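Take the given structure of chain A and dock chain B to it, following the hints.
Protein chains in written order, with this note's numbering: chain A, 910 to 1034; chain B, 423 to 555.
Possibly wrong hints are sitting among the right ones.
[As the list claims (entries may be wrong)] Not the full set, but computed from the structure, chain A residues with beta-carbon under 7 Å of chain B:
id : residue
1  : E928
2  : S930
3  : T932
4  : V962
5  : D964
6  : A997
7  : L1001
8  : G1002
9  : D1004
Hints listed in this document are in silico derivations from the structure and should not be mistaken for laboratory results. This structure is a prediction, so every number in the text was calculated from the model and none was measured. Built from N, CA and C at the ideal position, the CB exists for glycine as well.
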Amino acid sequence: MKTPILKQGPYLIASLQAEQSDTDLLELQEVLVEQVGRFRSRGVILDVTLLDVMDSFATRTLRNMAQAIRLRGAETIIVGIRPEIAFAMVQLGLDVRLSGVQTTLDLEEALAILDRQRQEGMCRD
Amino acid sequence: MTDVVQIAIRSDSDIVMVRQQARALAKELGFSASDLTLIATALSELARNIVEYAQQGEIILSQIKQGELRGLVIVARDSGPGIADIERAMLDGYSTGKGLGLGLPGAKRLMDEFEITSCVGQGTTIKATKWVH
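Isolated chain A (complex conformation):
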């Protein structure tokens, strides 16, 4: 597969490459949803820092991915949307389509949010 996935404790971190085809994205979706179960992951971080374009297909696929991952018991955070990508997404009306999926500026913040959510989850149980 084109996208490297790192396992970091209870989390999976996928680093999307600069030029992702639709096929690459769909493949990533399938692999991540499966790995969340295999590794009993509590969170998935999608790092899009390198991505050249977030068009309607990529946005829809990332949202579907996050929803499927939630059904498998883990949270998803998208990290590293660059300023020009954010601007293009707003113009396309894609910001609304991604709502419901958490986004952060960097990996550190994403890990902190996932840790906090896990602790809150444990306290509730």
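Only chain B this time, still in chain A's reference frame:
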């Protein structure tokens, strides 16, 4: 200065390729990094429409110069089913395919000029221009 690149669009890997070509041509013209992203995004939507609705078509990228103005022209052409109701196709959220229905209106917002001609049963041609500001 007229540099023209013609690319056949048949699959999702062609969408990636046409984005790379457009970035290279647009960079030569002096577009800013954020404009390069807007152009690549618009192109991605247009190329995906070809693959999704017409299966195949072509995209022609050309650098143009009008007096002091420099720009990039995208022509996306297919011989697919055509668009019956262009006005509706240009509305946000309207789609007859599996997309979000943001492709055409979105691409129009990302570019400076946008013309669409389509005949049912004959195909669709879209011409979109972005000027260097």
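Interface hint for D964(A), Cβ within 7 Å of any Cβ on chain B = Result: holds, 4 Å to nearest chain B Cβ.
Minimum beta-carbon distance criterion (7 Å), G1002(A) to chain B | OK, holds: G1002(A) within 7 Å of chain B, min 5 Å.
Interface hint outcome for E928(A) [beta carbon to chain B under 7 Å] = With a minimum Cβ separation of about 5 Å from chain B (threshold 7 Å), the hint on E928(A) holds.
Is the hint on S930(A) kept, meaning its closest Cβ partner in chain B is under 7 Å away?
-> With Cβ-Cβ at 5 Å, under 7 Å, it holds.
Residue hint A997(A), partner chain B, criterion CB-CB below 7 Å | 4 Å, holds
Could you check if T932(A) really has its C-beta closer than 7 Å to a C-beta on chain B?
-> Because about 6 Å separates T932(A) from the closest Cβ in chain B, which is inside the 7 Å limit, the hint holds.
Go through the hint on L1001(A) and say holds or violated, using the shortest Cβ distance to chain B against 7 Å.
-> 4 Å, holds
Given V962(A) was flagged as interface, is its beta-carbon under 7 Å from a beta-carbon of chain B?
-> Interface hint status for V962(A): holds (5 Å vs cutoff 7 Å).
Measuring from the C-beta of D1004(A) to each C-beta in chain B, is the shortest one below 7 Å?
-> 11 Å, violated
This entry does not satisfy hint 9, going by the numbered hints stated previously; all others are met.
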